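Protein chains: 2
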Amino acid sequence: MTPNPREAIGRRKTELDTPCLLIDLDRLDENLQKMQGRVKAAGKALRPHAKTHKCSTLAKMQIANGAIGTCAAKIAEAEALVTAGISGVLLTGPVAGRTKADRLVALLERAPFLIAVVDDPAGIELLEARLAAAGRRLDVLLDLDVGQHRTGVPPARAAALAETILACPHLRLRGVQAYAGHLQHIPRYADRKLASREALRQAAAVFRELRERASSCDIFSGSGTGTARIDLAIPELTELQAGSYALMDAEYLAIESADGSEEADYTPALTLLTTVVSGPHGRQVTVDAGLKAIYRDGGKPRVIHPDYRRLQYEWFGDEYGRLVAPDRACLLPAPGTVLELIVSHCDPTVNLFDQFLVTRAERVIDVWPIDLRGRCQ
Amino acid sequence: MTPNPREAIGRRKTELDTPCLLIDLDRLDENLQKMQGRVKAAGKALRPHAKTHKCSTLAKMQIANGAIGTCAAKIAEAEALVTAGISGVLLTGPVAGRTKADRLVALLERAPFLIAVVDDPAGIELLEARLAAAGRRLDVLLDLDVGQHRTGVPPARAAALAETILACPHLRLRGVQAYAGHLQHIPRYADRKLASREALRQAAAVFRELRERASSCDIFSGSGTGTARIDLAIPELTELQAGSYALMDAEYLAIESADGSEEADYTPALTLLTTVVSGPHGRQVTVDAGLKAIYRDGGKPRVIHPDYRRLQYEWFGDEYGRLVAPDRACLLPAPGTVLELIVSHCDPTVNLFDQFLVTRAERVIDVWPIDLRGRCQ
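Respectively, the protein sequence lines represent chains A and B.
In terms of our numbering, the first sequence opens at residue 4 and continues consecutively.
In terms of our numbering, the second sequence opens at residue 4 and continues consecutively.
Note that these hints are calculated values from the structure, not bench results.
None of the values given here were measured: they were computed from a predicted structure.
Treat the hints with care, as some may be off.
Repeated chains share a single entry, so a pair holds when one copy, or any two copies, can fit it.
Computed list of lysine to aspartate or glutamate pairs in DMTMM-like fashion (alpha-carbon distance at most 25 Å, straight line) [said to hold, decoys possible]:
| hint | residue 1 | residue 2 |
| --- | --- | --- |
| 1 | 303 | 259 |
| 2 | 16 | 105 |
| 3 | 16 | 128 |
| 4 | 16 | 317 |
| 5 | 63 | 166 |
| 6 | 63 | 105 |
| 7 | 47 | 201 |
| 8 | 63 | 365 |
| 9 | 303 | 357 |
Next up, chain A with everything else stripped away, as it sits in the complex (with noise of 0.2 Å):
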């Protein structure tokens, strides 16, 4: 029969098949303090993106950290979670169409306190007729566009917009949502911090004045990893948004961090297991992990095991990936050795698996369910 992933639990790391993901607990458990330390210090509230990890597991552990609650990308992510318990969920995408306000209406029987984002005159008039049918209400934060022009209004229009929001009587305008996703992984710290205080400043007059117009508006939610010890010093700013911090990438750590130096904020608590299949053909060797086990987007995964982290990733197909020796001086590890690589960018690639194999010392300790994976509707 297919191997039951708990009976992973005890092994050490190089008994386990591969590919898999695996999540270093201390390394998570320091990150998650250390963000929700900094966000607590600067009296602001940490509402961590769920769209990173894809677990309900490591949201409650985020909760039990402080968090006020969770963001979700998706209606079929907020789903997940409201089935696994949380509260507090912030949908982050607005939702556009007849079938997606039925799925987010019907969603709010389960999830009362749930918010969702709006930014179209003729979304939230079908989102008011489909509350107003079902007798139930909504809170919402206008989204705004400060520069990525992915969803959201541009400043100019957020005040018109508010007036459509405030003449629904089943939607609560509780704020503004803006999200620079464009700038996160700016290389420079000095230019990230200029962009995102310039972005987030025009947000924060929008902000100023929504609350001047509507007692109801409390919440002004954004920032990321990238951003988040920039944006902690913008007063009006009440939440922060950011995911990858928990787990980290290489996309991540190849950034500038807040000091100049080359280390990250963050330490990377995700790795992903492979096995030499095949080889050596010349000066490169075949992996098991190709398109479908490392999503090929931010960069290239890094080898952390220190005989070989010379060895350069590529992509080697759907199911292969080959590393590829820079020069005769670097060992190729023959058939059968199981490597350990930081992978590119966390998102997809944790989206592509069904459980994490969380470790500590080095050996197995419990494995979660991905319960969001797959879940982009």
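Since the structure of chain A is provided, determine the placement of chain B on it from the hints.
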């Protein structure tokens, strides 16, 4: 509650929640019959690769159409196929390491006719030892590297490896596998033909020698959707592993077909539905299918709506894509609009979903679980 996927049965495409994957059953049928007919006419067998569709229901349709079995890339895929009652499984990737060898031997208990491939003396020794301990025998193909340098041994090393296999009492050498994955997407047909002929010519020579050496050698397995028509002309080839022909994708649609026309040999049976969720933002709108719904690999997805086919899809983060108008004459769809796309590279995109919604005449008539999804071990 989270909607049950089978609730989609009976709905029109435009009423479906998105993102979701659709299969047009008539087109799929046509593709399956066309490939099977060509293979049969050439006196060969078809053992289509399940790694592209990850669906045992579809694999069974292929077998009902005349296929002799199914290829699997990983043991975890083979396990799911066997669980679904499929026999004639060929595992196309070599196993390495004790964990994998044990998992393969355990599967033999349920699938005595499983065929595996080998490419490494140490791997063969390990497999022989584990088989001997379990009192089981295994049919194997010698995996040949015909230029991709991913798995397999070069033809020059085949004779020595064959002797290693033949010295193992628990292994039976059934022939060779030679997959020219690096040639499948060569754009011009004439170039692809030249390259595939040369690659498989070497493999055919090895196969002829092995047949002389051991009467158990009766399988020469290889080919893919890009070179299938070319490879059918190779007398020694006994079976084809092509997989993508069933669903097709933008990547395979982009290569020149056998008659030199723009029209591909097979028609796209797989599409993805996405909804516009925000916009317009300048000359673009935002849709709800991003990295986690359309794998970023193998070119760009194509919009197939008559009014919007000139819109260019671009990935826009984990959860979103954008559709960009190339000029001012190109209309932008309003939020809530549902659009159908041909995905770029079918294999890793299928692996992001849990089911296909099967359609005929614009309505969903069935839901097929993607039961091999995520089985990358």
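Each hint, compared with the structure:
For a Cα distance limit of 25 Å, the shortest separation of residue 303 from residue 259 inside one copy, 17 Å, qualifies, whereas the shortest one across copies, 32 Å, does not. In this assembly of identical chains, the alpha carbons of residue 16 and residue 105 lie at most 25 Å apart only when taken from different copies (17 Å versus 45 Å within one copy). Within a single copy, residue 16 and residue 128 get their C-alpha atoms only as close as 53 Å, which misses the 25 Å cut-off; across copies the closest is 24 Å, which meets it. When the C-alpha separation of residue 16 and residue 317 is checked against a cutoff of 25 Å, the pair qualifies only within one copy, where the shortest distance is 23 Å, while the shortest distance between copies is 38 Å.
In this assembly of identical chains, the alpha carbons of residue 63 and residue 166 never lie at most 25 Å apart, being 36 Å within a copy and 57 Å across copies at closest. For the identical chains of this complex, residue 63 and residue 105 are neighbours neither inside a copy (27 Å) nor across copies (36 Å), given an alpha-carbon limit of 25 Å. In the homo-oligomer, the alpha carbons of residue 47 and residue 201 lie at most 25 Å apart inside one protomer (20 Å), although the nearest pairing across protomers, at 66 Å, exceeds that limit. When the C-alpha separation of residue 63 and residue 365 is checked against a cutoff of 25 Å, the pair qualifies only within one copy, where the shortest distance is 24 Å, while the shortest distance between copies is 42 Å.
For the identical chains of this complex, residue 303 and residue 357 are intra-copy neighbours only, at 22 Å inside a copy versus 27 Å across copies, given an alpha-carbon limit of 25 Å.
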